[in-house]
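K.L.:
At position 62 of the sequence shown the residue is numbered 62 (the UniProt record's numbering), and the sequence of numbers has no breaks.
Incorrect hints may have been included.
As the list claims (entries may be wrong) - Ranges of calculated distance between the beta carbons of each label pair, as one might list FRET restraints: (1) D217 to E137: 15 to 23 angstroms; (2) R119 to S152: 47 to 55 angstroms; (3) R74 to S223: 26 to 34 angstroms; (4) S134 to V232: 45 to 53 angstroms; (5) E197 to E137: 16 to 24 angstroms; (6) N60 to A211: 43 to 51 angstroms; (7) E135 to N60: 28 to 36 angstroms; (8) G87 to D217: 24 to 32 angstroms; (9) E55 to L27: 22 to 30 angstroms; (10) E168 to I105: 18 to 26 angstroms; (11) I2 to S223: 36 to 44 angstroms; (12) Y61 to D217: 47 to 55 angstroms.
What the hints assert, rightly or not - Once the Cα atoms are required to be at most 30 angstroms apart in a straight line, the calculated DSSO-like pairs of lysine-lysine come out as: (13) K30 to K147; (14) K216 to K30; (15) K29 to K147; (16) K32 to K89.
Honestly, the hints are just simulated from the structure, not real lab data. Quantities reported herein were computed from a predicted structural model and do not represent experimental measurements. Glycine is no exception: its CB is placed at the ideal position from the N, C-alpha and C atoms.
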Amino acid sequence: MITLSPFKISIFLNCPLRYKFHYIDKLYKKYKKERNYLSFGDSLHRTLRDFFKIEIEERNYENLEKIYRKNWLRKGYSSLEEEREWGLKGIKILKRFYQLEDFKIKPFLLEKGLQGYYRSFRLSGRIDRADLISEEEVIIIDYKTGKTKEESEMVNKLAAAIYKFLLEKNYCKKVVKVINYYLLSQKKVFYTFSEEEFKNYLQLIENIGWAILKEKDFLPKKSSLCKYCDFVEICPADNG
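Take these sequences, add in the hints, and give me the full structure.
P.N.:
Listed below in structure tokens is the structure:
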């Protein structure tokens, strides 16, 4: 049986052929491209993870920037000038983040990979951060380094449902809400679920799993996302 993650579901819904190339034909390593926005996103995620690991009294902006420089990934940039531009953009983001956030909290989870079975499928996801708001209740924070509307609302809600399910299953805590924190704009998008709605989303996730297993054609789906795909050079939709 296959494992379902937010990323895998997103790929299948956006383009079944890309899913096939990546997960069935396993062509990812052969065609993988180093991309600046991926390195940038990883750099910021690692920085915030490590910053919240240090003692509260050491959480000042100077240390935040030091951690950022230490975690900076250089792959995917076309020139030193481009790398510098992205690096400065990251510093601006972190300055605003530092001004707005409460750094005295002690996160319950940081960059934690979780797995758990829902009916016939294993669900998998990595939680950027989870904060306790009471002994039994937590909020999940998912950092986003792209623009607010890059993912569809459906994909974001499915991801939130997976994170909620995994944390509740592994830690017996109640997830009150999932927050998509868009670092570039400092915008926060909140996702909450009624009991019935949560069941419906889990059912939808299971349905997607069965759809993947039953899929035979894996047809390409052209969209604005094609320019980010590693498989453009072998895609029949782009070359035919």
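K.L.:
Does the hinted range 24 to 32 angstroms hold for G87 and D217 at CB?
P.N.:
The hinted range 24 to 32 angstroms is violated for G87 and D217, with Cβ atoms some 43 angstroms apart.
K.L.:
Regarding E197 and E137, is the given constraint of 16 to 24 angstroms on their beta-carbon distance met?
P.N.:
Taking Cβ atoms as reference, E197 and E137 lie about 18 angstroms apart, which means the hint holds.
K.L.:
At the C-beta level, are R74 and S223 separated by a distance inside 26 to 34 angstroms?
P.N.:
holds, 30 angstroms
K.L.:
That 18 to 26 angstroms hint for E168 and I105 (C-beta), does it hold up?
P.N.:
holds, 21 angstroms
K.L.:
Can you tell me whether the CB distance of I2 to S223 sits inside 36 to 44 angstroms?
P.N.:
violated, 24 angstroms
K.L.:
For the pair Y61 and D217, does the Cβ-Cβ distance stay inside 47 to 55 angstroms?
P.N.:
holds, 53 angstroms
K.L.:
Just tell me: holds or violated, for the beta carbon distance of N60 and A211 against 43 to 51 angstroms?
P.N.:
Holds, at about 49 angstroms.
K.L.:
Just tell me: holds or violated, for the beta carbon distance of R119 and S152 against 47 to 55 angstroms?
P.N.:
24 angstroms Cβ-Cβ, so the 47 to 55 angstroms window is violated.
K.L.:
K216 and K30: Cα distance at most 30 angstroms?
P.N.:
holds, 23 angstroms
K.L.:
Are the Cα atoms of K32 and K89 separated by 30 angstroms or less?
P.N.:
holds, 25 angstroms
K.L.:
If you check the beta carbons of D217 and E137, does the distance land in 15 to 23 angstroms?
P.N.:
At roughly 44 angstroms between Cβ atoms, E137 and D217 fall outside 15 to 23 angstroms, so the hint is violated.
K.L.:
Is 22 to 30 angstroms respected by the C-beta to C-beta distance linking E55 and L27?
P.N.:
For L27 against E55, whose Cβ atoms are near 45 angstroms apart, the range 22 to 30 angstroms is violated.
Of the numbered hints stated above, those contradicted by the structure are hints 1, 2, 8, 9, 11, listed in ascending order.
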